[in-house]
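Undergrad: Bring the two chains, given one by one in their own frames, into a single complex with the hints.
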Amino acid sequence: MTQEAPRKLFRAEAQAESVKCLNCGGPIALHSFGAMQRVICPHCGSALASTNSGALALLEAASRKHQPSVLPLHARGTLEGIEWEVIGICWRRCIVDGFAYPWQEFLLFNPYRGFRWLIYSNSDGHWTLGVNLDGAPEILKSSHHRVRFKDRKYRHFQSAEAVVTYVEGEFTWEVHVGDKAEANDFVDPPFGLSTEQATGPDGDEITFTLQQHLDARTVWKAFAQPGKPPPTRGVAPLQPNPWRRHRRQIWLSMLVLFGLWWVLSDRLAASLHTRTVLNEHNISFDEPLSRTLTIGRTGEATAIEFIFSPDPLDNAWAYADVMLVNLATEQAVGFSLEASYYHGVTDGESWSEGSSRAAVTIGNVIGGEYLLQLQPQRDTSSIFIHPPTSFGITLIEDVHLTRYSVLALLVIFGLPMFGGLMGWIFERRRWKNSDYAQGS
Amino acid sequence: MFFRNFYWICAGLVLLLLAFDGAAGNLLTFAPDRGKVDRDPASGTIRSQGIFVWFGGGYQGGK
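Taken in sequence, the protein lines are chains F and D.
Residues in the first sequence are numbered consecutively from 1, following the numbering used here.
Residues in the second sequence are numbered consecutively from 1, following the numbering used here.
One or more of the hints may lead you astray.
[As the list claims (entries may be wrong)] For the chain F half of the interface with chain D, some residues (derived, Cβ under 7 Å), not all of them:
hint	residue
1	Ile250
2	Leu264
3	Ala303
4	Glu330
5	Gln331
6	Ala332
7	Ala359
8	Thr361
9	Asn364
10	Ile366
11	Leu407
12	Leu415
[Stated by the list, open to error] The following label-pair restraints were derived from C-beta to C-beta distances:
hint	chain 1	residue 1	chain 2	residue 2	range
13	F	Thr380	D	Asp33	23 to 31 Å
14	F	Phe258	D	Leu27	18 to 26 Å
15	F	Arg403	D	Asn5	20 to 28 Å
16	F	Arg429	D	Phe20	40 to 48 Å
17	D	Asn5	F	Gly234	24 to 32 Å
[As the list claims (entries may be wrong)] List of simulated lysine to aspartate or glutamate pairs, EDC-like, C-alpha gap at most 20 Å:
hint	chain 1	residue 1	chain 2	residue 2
18	F	Lys180	F	Glu196
19	D	Lys36	F	Glu330
20	F	Lys432	F	Asp188
21	F	Lys180	F	Asp97
22	D	Lys36	F	Glu369
23	D	Lys36	F	Glu300
24	D	Lys36	F	Asp321
25	F	Lys153	F	Glu174
Keep in mind the hints are simulated off the structure, nothing from the lab.
Here a beta-carbon is modelled for each residue, glycine too, at the ideal position from N, C-alpha and C.
Same shape as in the complex, but just chain D (with noise of 0.2 Å):
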């Protein structure tokens, strides 16, 4: 009885994450490091990481 009802529940769940997140990749893929970057309200720069990022291309290097 355990033994069925695990696996119906383990196939279930890899299905359902093959259905809705095979596309996505959200669970099953490498991790980065995410978040909402920083604009400087002066030069319109944004900063993450401690890289100088700004829009039009080009890099500002530093910290």
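This is chain F alone, in the form it adopts within the complex (with noise of 0.2 Å):
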């Protein structure tokens, strides 16, 4: 009795079939199965199809060299956590205005998710991910040619005739070098569709893509490929606008933090009681002047502002040495004013410089008696200048400080509208290569 072999409950695992080119005899991998519809041979750019039979047939032989992509054919990578195999290559190039603008297109494969599309730009050194679209976009009416697919508005960006000028490995459709295209590429960063026309002997296709900027980095982690991307330039259709990522947080983070200057400016103004301590005119130079004060509440800080006026000043300078010594504590400060004041005429023109008066704002000044100790200077070097004969001094406490309020109103309102303009230099640049530029 002869014993029958043990049936297998599982297919066998699916792995990749093996093959030759049937022009160079180069070894070919194929993945796809029943997907493909054309191989084209890394090793001399024969062109094979697959036969009712399942066989390849040798479509057109061909000898050309072996191209280096930025990534190799049958390179691995994970992104966004699917596993993609690179199984076609195909490199494209349009022409503005006399200059080539070439790209890689890789096919990637994954046998429970299909195909992708990872393109990198020769020109600009960015990334973006492509899905074909599971249904075509809605065209909008505005004066500036708008799509909507889903819940996303796209806008036009640049139209250009596409043409491969390179391809290996397989694909999904019967591709040849030279093969055109009318492509239409529709902007939301860091989105966009990208439409193509080509017209073969069934008549016209188009095909529609979702696409999706993607860091070169992480493309470069992603494919585990030694060293660094090749670097980026300039800013990319579809790269993300950082100045704008953050935009309406931004803004509206503006609007309360307004408000809380708004009431903390209130309560600062409620909270002052400027006073003159100290108003006095007509003192003479002759002498120094002391004078016993008090300022602001014992043991609070407040800020002061010293006012010195020598009158009459023309043509000349006046200085006054100041120290206020806290009678209390007798710990002192000490500063300096210096007012100086010329006019003239010169080749029939009048001009001026300087101030009839020296102002200076002290804060942490600590509340209590002070005793005020000035020593005053006038200009005498020369019996053409007439001196001033006195001067006056002044000396405010918890003087409003607007300077405080000010600052943060710049900030507040400055930084956003910084970021405003940074975004907005950001989009000229990436509309600087659109047929929307200005001058274009």
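TA: Structural data, given as structure tokens:
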């Protein structure tokens, strides 16, 4: 009695099928199984296609050299948690204003997820990931051509004729070097829509591709490539604008922060009791001045303004050395003020410089009884100078320092405006490469 | 992300400055010379920066 071989409960794991090129004999690995329409030998460039029996048939023999792409054929990488393999590479280019803009398209395949396009732009080094749309976008009527797909609206960016310049690997359509397609790109960074219209023997074919910008380092790391990715240049059509990433949050924050500023400024103004502590005039320059004053509330810090105003001050200077000594703590604050005012006529034009008074604002003066000591000096260097005959001094406590409020306002409003300006400049750089650039 | 956080931090700092230093003006004002004066034990005068000062007014002058 012969024993029957045990029947397999499960199918064998899917494996890549390895065949040889019918022209050069080079090994070709096939991955896409029934979806494959055309195989381009990576070694010699010959075109092959599967026949009804499943065997490969040579369609067109070629003897071109293999060209290295930025990612090699059959490279594997994990993007967004899915492992993909590069099964086909297609180089294309368009010519705008006499300049060629080449890019490389990598057909990615995963047996459970299907196909994706990884696109590398040679001209700026940026990457995008594309997937064929499961529908057609709706064309919107507006001055700037727009389309809508699902909940996003895309603005037309550029139109160009894309020409295939190099192919290798497996493809799900019948690809040839020299194939042309009319491409239109629409953008809503970091997403974009691309439409391609190609005319073949069976008529026109339109394909829609949804694209998303990828960071070059992410792609490089995903495909475990050595070193660093090729550097990026300029602003790519789908590159997200970093200045507009949190635009809504920043503008909402600005409103909240302005409300806080309003409350704090109001509280500050209510807490201040601005008072003129000392206001004397017609003081002689002949001898130093000494006064005992009470500044602020004992133990509390206050800001004072000290004004020195010589009179008259005409083409001369006056100077004051001032010291305030807290009589309780014997802590001294020393400062000096110089007032100078000059004017005249030179070459028929009158001029003036300086000011007839000098003022200084000093913060963190602890309230209490103070001794003010002032030593004045004046310009007596020439008999032609008419020095000031007297001076006045004013000391104000609890002065309102508007600089604090102004600085806060500058930051609260200035930074969002700066971000808005930088975002605008970023967009200008993006659209400079479009069909809608100024001057194009 | 960086710009938003930078904005929040800067705005928070200037509001804190306004709230806690707006009245005293410790940071955004002229910084004068400060220090404790010395008292002459014999005469009772105090001295700072080369200028003699004594309680009760008047100026002694000299160094």
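Undergrad: Is Lys180/F close enough to Asp97/F, meaning Cα to Cα at most 20 Å?
TA: holds (18 Å)
Undergrad: Return holds or violated for the Cβ distance of Phe258/F and Leu27/D against the range 18 to 26 Å.
TA: holds (22 Å)
Undergrad: Between the alpha carbons of Lys153/F and Glu174/F, is the straight-line distance 20 Å or under?
TA: violated (32 Å)
Undergrad: Honestly, do Asn5/D and Gly234/F meet the 24 to 32 Å range at C-beta?
TA: holds (26 Å)
Undergrad: Can you verify the interface hint for Leu264/F: is its Cβ closer than 7 Å to any Cβ in chain D?
TA: At about 5 Å, which falls below the 7 Å cut-off, the nearest Cβ of chain D leaves the hint on Leu264/F intact, so it holds.
Undergrad: Does the closest beta carbon of chain D sit nearer than 7 Å to the beta carbon of Ile366/F?
TA: Given a least distance of 9 Å, the restraint on Ile366/F is violated.
Undergrad: Mind checking the hinted window 40 to 48 Å against the Cβ distance between Arg429/F and Phe20/D?
TA: Hint holds: Cβ distance 42 Å, inside 40 to 48 Å.
Undergrad: If you draw a straight line from the CA of Lys36/D to the CA of Asp321/F, is it 20 Å or shorter?
TA: It holds: about 17 Å lies between the C-alpha atoms, which stays within 20 Å.
Undergrad: Quick check on the hint: Ala332/F CB to chain D CB, less than 7 Å?
TA: Since the shortest Cβ distance to chain D is 5 Å, the answer is holds.
Undergrad: If you take the shortest Cβ to Cβ gap from Leu407/F to chain D, is it below 7 Å?
TA: holds (6 Å)
Undergrad: Double-check Thr361/F for me: the hint is only fine if its C-beta lies closer than 7 Å to a C-beta in chain D.
TA: holds (5 Å)
Undergrad: Given the hinted pair Lys36/D and Glu300/F, is their alpha-carbon gap at most 20 Å?
TA: holds (18 Å)
Comparing the model with each earlier hint shows violations of hints 7, 10, 25; every other hint is respected.
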